[in-house]
Every structure is written in C-alpha cells, then in structure tokens.
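Take the given structure of chain A and dock chains B and C to it, following the hints.
Chains as they are written, first to last, in the working numbering: chain A, 785 to 1237; chain B, 41 to 527; chain C, 231 to 360.
Hint data in this document are derived by calculation from the structure and do not stem from the laboratory.
Even glycine gets a Cβ: it sits at the ideal position worked out from N, Cα and C.
Keep in mind that the hints are not guaranteed to be accurate.
What the hints assert, rightly or not - DSBU-like cross-link-like pairs, simulated, lysine-lysine; straight-line CA separation at most 35 Å:
1. 1092(A) x 523(B)
2. 78(B) x 1092(A)
3. 936(A) x 354(C)
4. 1202(A) x 1181(A)
5. 284(C) x 934(A)
6. 1110(A) x 159(B)
7. 1110(A) x 238(B)
8. 340(B) x 1202(A)
9. 796(A) x 473(B)
10. 1181(A) x 426(B)
11. 268(B) x 1092(A)
12. 344(B) x 1181(A)
13. 159(B) x 821(A)
14. 340(B) x 1191(A)
15. 796(A) x 227(B)
16. 78(B) x 1155(A)
17. 227(B) x 354(C)
18. 295(C) x 429(B)
19. 340(B) x 821(A)
20. 796(A) x 427(B)
21. 334(C) x 1160(A)
22. 426(B) x 796(A)
23. 427(B) x 473(B)
24. 426(B) x 280(C)
25. 268(B) x 821(A)
26. 78(B) x 934(A)
As the list claims (entries may be wrong) - Per the computed footprint, the stretches of chain A lying under chain B, defined by three or more beta-carbons under 8 Å from a beta-carbon of chain B, are:
27. 855-861
28. 1018-1032
29. 1103-1114
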Amino acid sequence: MPFIPHTDSDIKEMLAAIGAPSIDALFDEIPAALRIKSLAAIPEALTEMEVGRLMQARAQTDGRPLMFLGAGAYDHHIPAAVWAIVTRGEFYSAYTPYQAEASQGTLQLLYEYQTMMSSLTGMEVSNASLYDGASALAEACLMSVRAHRKSKSARIVVPSTLNPTYLSVSRAITEGQNLSFEVLPYQAGKGTLQFDKLEALKGQDITAVVIQQPNFFGLLEDVDAITDWAHANGAQVIAVVNPLSLALFKPPGEWGAKGVDIVVGDGQPLGVPLSSGGPYFGFMTTRMEHVRQMPGRIIGRTVDLDGKQGFTLTLQAREQHIRRSKATSNICTNQGLLVTAATIHMSLLGSSGLESVAITSQQQTAKLVDKLTRIKGVKLAFDGYRFHEAVIQLERKPGEVLEALAKRNIVGGLDLSKQYPELGNALLVCATETRTDADLDAYASALAAVLER
Amino acid sequence: MKTPEPLIFKHSRSGRSAAGQYPQGASANVPEKFRRRKPAALPEVSELQAVRHFTRLSQRNFSIDTHFYPLGSCTMKYNPRACNQYAMLPEFLGRHPLAPNSVSQGFLACMYELQEMLKEVTGMKGVSLTPMAGAQGEFAGVAMIRAYHRARNDLERTEIIVPDAAHGTNPATATMCGCVVKEIPTKDDGDIDVEALKQVVGPNTAGIMLTNPSTCGVFERRIKEVAKIVHDAGGLLYYDGANLNAILGKVRPGDMGFDVIHMNLHKTFSTPHGGGGPGAGAVGVSSRLLPFMPIPVVGKEGDKYRWLTEKDLPQSIGRLSAFMGNAGVLLRAYIYMRMLGREGMHRVGEYATLNANYLMARLAKAGFDPAYPTRRASHEFIITAKKQKNDLGVSAMDIAKRLLDYGFHAPTTYFPLLVPECLLIEPTETESKEALDGFIDAMVSILKEAETQADLVKSAPHTMTVRRLDDVRAARQLDLTWKPAAA
Amino acid sequence: MANIPADLKYLDSHEWARVEKDGTVTIGISDHAQGALGDLVFVEVPEIGKSLSKGGAAAVVESVKAASDVYSPVSGEVVAANDALGSSPELVNSDPYGEGWLFKIKPSNSAELQQLLDAQAYEKVVADAH
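In isolation and in its complexed conformation, chain A is listed as follows (with noise of 0.2 Å):
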C-alpha cells in the first residue's frame, strides 16, 4: 500500500489491543448513511513512474519560453545551493517551530532573515513573513488602521500605479472591515503619481498613503516628496517595494525626513523561482513601536535556563491561537519555507551581489527598450527614471501581438490595455539578469516580423 507500512499481522495485533472486530468497526460512531459508497470520479493509483511520466509529459506540453514578462514575478538566476538545502528534510519535511528547543535551527534561520530584511528596507523590525506581496498589502493597511489611533476615517490612498491585483486582493481581504481606498491618477505621459491630486486632499483625515517604488509601470516615483506630504498632513505611509531593487535604490526607512511608517512587498525577487505565481512569500517591516500591531509570526533572541542563547516565538498574545477573535490577523501557518530560501539566497549573494543583479537587469531591460523602440509602430510610454520593467506602445491589439510572439516561443509582456485602456495598446515588459543580449535581439526580431504582417 503505498506509504502505509501495516502489514497483516500489524493490523491484526493493533485491533486485538484496541478491541475491535475490524477497522470499520472504528468508525461505527459515524451515521451509516453518511458512508461514502464509492469515489467513482477519482482514477485509479499511479506508480512513482507512471506519475512521473506524467507531469513529464504536462511539463513539456508548457515548454520554456523566452519570457520578457514581470509585472511582480520576475526571472532571476538562483544559486543551486539555494534549493539543495531549502530541500533538506529538516527544513523541508518540519513544522511551525511551537517546540522551540526542537526547533532552534528554523527559528535562528528566521532571526537572521528578520535582521537581513530589517536592514534591507532600512526599518526596525520584521516579521518571519506574510503570504505574498498582495496580501501583506492588504495586512498593512489594516495593521495602519490599528497604530494610527488619531485618524479615525481607516481611509487608504493609493495612487493608480499600485500593482492593480494588489489593490483588488487588499479590497477583498478588508472587506469586512470598513476600510475606503481612494485612488488618484498618475500624471499623463509621466506615469508618476501626480502630485497636485495628492495635495488637494490636504486637511483631510487620511490613515495612510501607500507607494510603490518602483511603481507598476517600472518608474522611480518622488518617494521623498510623498512621504514628507503625507507625515505633515497626519498619514501613515506604507512603502510597497521590490526588495531587489532596495541593494540599489534607497531604503523605504530613508525616505524623506523620518522615513515610512511600514514596509511591505513580495520577496520573490529573493531566491523563489517563477513557479506559476507561488508560493512566494510577503515580508513585513515596521518601526518598533508599531511591533504589536503587526501581524505574523516574530522570532525573538533569548536564553535558556542556562543563560545560553536561544531563540523562540515573541509577542505570540497578538496571535489568533491566543486572542482567538480579537487578534491582530487570523493569519498562522504561512511561507516558512520560503522565507529560509531567501535568506540563503541574501546569504550568497550579499548586499554586492544584489546589486550586481540589479544594475544587470536594469541595463537589460535598458537596452530592450532600445532595441523594440527602434521597430516601427512601437514606442516609449514613459520616459523618467526606470528599474527594469517599462511600457511600451504598439499600434496593434497587444492581445493579438502576445499570441503570436506564443506561436514563436515567446512571452512577450502584459497587456495594459484592459486595466489602464487610456494607454492605448500597451505593453509592460522586463527583462533581467537571465536575459542576455542574444535573447533581447531574438524578441526585437520576433516582434519586428509579427508587427510587419
């Protein structure tokens, strides 16, 4: 039976010591006309091999095409130790670290992380992690309207170059919570929030303004001018950030005078692969004073009975397994494993070689720009200061033109046109270090034949 190691005698000698006739007889507590009589729908056993098979085949029929497509998963070269150890049993086959002295291996891992992270951003403290970027969003207002005590509206501003999935996911998670989210526009052919519908909500009660840097369209907004806006007029700031481009772009903790209030963001770009959207994981980081608002799970530094130094869970009482209804988030179990790959993948590269990744993929995206934008029918959306996504302008349907580029093994972008039709037919495309110049040309021809026809 595969992995069940009973054998006859095994299940003969266990039901002789509990006293039942037979394991049916063990669910006898169970209405009978509640049994299930068959599960017809479910196919018959495959062997490891025939399985194997298998996904071989679905994997094949996907393929691996050249992909110049971000837009919050993007494609970065993952040292093979990463997922050689993230894979060892003890990190791969263990549980939420509960027992701490059976656990001291994961929860020092996540100690390290937190204090990597801490760093990175440029805040105080860090949680062990969220789901993904979206809902750390969503957390993060919701954790805003708890630590700002003096705003009473729980209203979040948010400018049109946020992620739109992350607004969508932060509306269906605070639903229920009478939370109002107010999106003001970017300025036309800038694609940076424009300042001006910023400041005509001066006075108001606002609990916070949400940035991203570098926002959906690939652009470096006046992240200064924004949070000092939004601390002179009483708001929270929460930063959604890349946390790659943080080895290259100042923290979210340096941003204006005092720096922003929470930082949050999907870790992804930290040694998680591709992987069809997960799992990832959400990192969190704050100021101190906010700790207990903050929602997730927190390792903290202490000592045993010995005074030795050892780590565990803290400030668990914000938890739902113990404030039950009024904690801080219903959140528990979340990206543990995750978490230990990018902190081995922070490990191995250092703050140099997170550079390195990010200044390459900037310069690739750089010279993908230049190499599409000199076919003819395609131009720049934007031109300001960019990472390594920008938008560009087609004269056909995108849909179409990505369909095509599928036909020649290629994922060419997102199409904008649908969330952002004042664009016209526009495309979001990335490249990153794992592009080389050879595979910018392939796309430019590519693109070039499919927009000729």
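Same frame as chain A, now just chains B and C:
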C-alpha cells in the same frame, strides 16, 4: 546537536563573497535622490560557509524525515519525495503566472484535475484552489457566506457560531470578515451542545464553523441534526478541514450538509509543512455558493483549459493573492492524489484512525487518561495529564519537553483549551506500528520518571541544543534583530 | 492563597476598584488574576480622556501564553493611566494593589459602585473557580 552555531553574521568578513553567483562588473548611474547610500548589512560569506551554516542549522530541527512528529491537528504525515521532484521540473518552476493560456495547458490540466478530485473526495460542487493557507481558506469561506446573505439582501446575518473547542483561526477569521462571534459549549462527551446551539441560532445567524471530527478528536455524531438546525434558521455551515484526514475516503463534508469547506492540502494531501508553510487552503462549495468562489478558478471548454476570472464570476469575493495562490504546493498535492488513487483515498482515513485508536488504547492501559474515554478516537485523541499534574506536579508541557529527549516531537499541548493539561496526539497513517510502540515505551518511561524523579521531567529537555527558553525575557526585552554593537 | 484586601470592591472578572478621597476610582487586577496569568509581559492602558462604560473592555494584560481584557467596573472618563507599566509590566505581578494599578476613572454614575462585590463575595468567586 549540542554545539551552538553562531549567527551567519559572525562568519561575515568585509570583501568576502560567493562571487560565482552573480554577474560581475556591473555599475549603475543612479540619480542621487534615488541612490542607496549605505549597503544593507547582509552577510559577506563564501558559498561553503553559507552551505555549512544553513546545513548545520537544519540539523537543529526535528522534522518528519528525522523524527516521529505526532502533533495533533497538524497531520504530520510523510511527504513523498516524488511530489517534490515532479513539482520542481524546470518547466513548472519557470512558468510565469501571467503566461498566456496557450503555453500553460499542461499546468492548467493538473489544476483542473486537482479541482475535480477535491470535489469528489469532499462531495462539494465547486473548488477554488487560490487560498494560500487554511486560515485564508477560512477567510474565503466566511466571506462567501457573507456575500451569499448579502446577495439575498439578508443584511442582518452577521453572527458566526463557533464551538469553544475551535481553532483560534475560526473566531479570528469571523472578526476579519466583520462578523460577531457566538461561542457554544462542548459537552462532556466531546460533542457540541445541541441545546445551546438551538438557543443561539436565529435571524442574525450567518453560519456556524465546525471541525468534524472536532479538535477533541471525536466525530460529531449529531451532525445531520446540527445541519438542519442551522439551515432551518437560515444560516450556512462551514467545515474547517483541519481534520479531514480522519475521514478521507469514509465520509464527505458535502454529504454531512456543509455549504463550504476549506482543505489544508499540507495536511491531508501531504504537501510539506516547510517549518511553517507554505500551505494551501483550497475551498469547496455547495451549489448555492458557486457564484461567490474566490478567483481565479480553472475552467475547461472543449479540450482547452483557461482561467475563470471576474468576467466569469462577477459575484466572486475577489482575489486573495497576486496570482493564483501557492501553485507549487497545489502541484505537489495533485501528484500525491494521483499516486494514492481511488483505493488509496479510502485507506488514508482508515489507517490514520487505526493508528490513533491503537495509541489511545495502549496509552490508556499504561496509566494515561484519555479525555474522552467512552469515545472512539478519530485520527487523533487527547490525553489529559491532570492527574499527573495534581499528584506528581508534572504538567503536560513537562511530558512534552521530556519526549524530545526520547527523540519524539511533542504532541500539541494546551489545545483545545477546554481540556486541562491537554496533549493532542495525531500519529497519521504513515507511521509504522514499531514507531507507535517506540512512542508508547517513551511515554511509559516518562510516567515512571515522573513518579520517581519528577525533577528530571520538569527540567527537560536535556539533550537539545538549548534547554528551556526564557519566554518572559523574550517578550519583555525584545531582541528581534542582530545588531553589530550588541554582539 | 491570594491576597484580597477588605477595603476594595471587585468584579467577578477579577478587577478591583478603590474609591479615592477626590472621588476618582482607581482600577487594577486582583492578586488572584495576576497569579493566574503568570508573568506579565505587556499592559495596554486606556488613553486619558476616553469615556468608558461599566463592563466595557478598558485595558489589556498579556502574559507569554495568554491575553485578557480588563473591564471597567464603573462608567466614566479616564483621568489617569499608569504609564510605568509600559516599561515595567511586572509591577502588576509584584504589587497588584499598589504600584501595579492600571487606570483611574472619574465615575459618571456613583450608584454603580454599590453593585460591585465586596471582599467577602469576591473571595467566594475565587474559591469557586478552583
């Protein structure tokens, strides 16, 4: 295992790096206002130093692969290696979540078939795979219940009924969804108090959240009656799938009358727990909740698969993740279900239950007190150490810690809260009789120690990297990040 | 055996109240309550100026493994809060009726004071809990 491993930062030396890992010679021209001034304090170590450090840390963990892990309510069963290997095929790892459907048919086929299989084993009419953990599945479930009442203009239904033995996530979720929690008591035999339920249901009832078998480790025998009471009052029934392993292949939540369920794929369908995730909390719904499922869902038209989104499900409660949840976890669950097959599904519930009842019977004979001695165990059961606490001064926590010295992970302690000195024990179906016997021997031995040298048990563990930790100090003098000055 | 001063009033949820000479009421948690919770690691006191109603949640006391709401025994406005607990929550453990007080209220309905338990009645509550 006793030697300490220093923090990674202690291995760090300025100028050292694992330089083979990234492109060399890149330099950027970043405008001053955007430029990072001081590099982040990440460690500077060689590849070998990093590999050795994290390998050594891994060795300071208990895990299923190394130890029996009878953590109640967590279903720590074997995670087949094949599930990991085939979910990590390069094509799956490299697939972008927003890639066009035309280059995603292989992946979408797996997801569609997983939805269909989960529908069959739970008896529900629709499945959405997007919730990223049990708690998010719970959120989706309660949000759907709210959306259902709202769509019927039944706006006063804001009360969620929760038994006092429920997981903490149940009341926390209800609050997150803007509902008010009404607790009902559990009776001495472990069943919920149906009379109390009758008192509390009414025109404000949105629904009830139940775990069945309950966290007390027993099957709710009057479930059909409970379903009728709640439905007659206009409420819906939510099934917390934390204990689905107990009944897999034996009875289905849909047949019991539940309207919505979440499944912890990392429990019942054996995806890894990963030291605290990633999980996956797929939700299943009855026909009345189909329009409200979280998106995206995979649909099939002819022989083509595609994502169903806002357009297809305009009444959906929306999106809970940036893409489609923990896809890699879902692939692992899919592979596991294909390897179990139809017959294997039935066996899961059977052998999980056999193992639990065997452990309970043997431990009872050895002098431990089951909390519900008149009941069958489900896939788990509770031992109460109240007697040991009163007579010998040895608590459930002491026994749990001493078990670590014997090479067994501790059961879940002090949950559910209503049983004093509670040890919630779940062996799972993948453990052999020898493993269970070894655990029983350890428990018997600890009981003897408690009688003759209680201090040994009360000061356990003695063989781990650290002894008991000062939790009070951890909470009062918060030390949450390493700082060079404090080193 | 927990210390239950005879001159105080109590709630059966283990809060004590003391009427001061100036008419304000000082509120804390009983010796029994602090013992049951164990070492406190955090105390959240209400903001000054906040108006509370009798029986409403007013403060939170946290130990490592538990968190409890503290209910106000009387209605009124918060006129003082014990800020020392921010850095020294252990004062509630060491001196629950003295330095471990939580907050002071200016009562809006003095009749409510008459409805509280006296020491004898509270002693019975504690005894029954065992």
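*Could you tell me which of the hints above the structure violates, numbers in ascending order?*
Going through the list in order, the structure violates hints 3, 10, 11, 21, 24 and respects the others.
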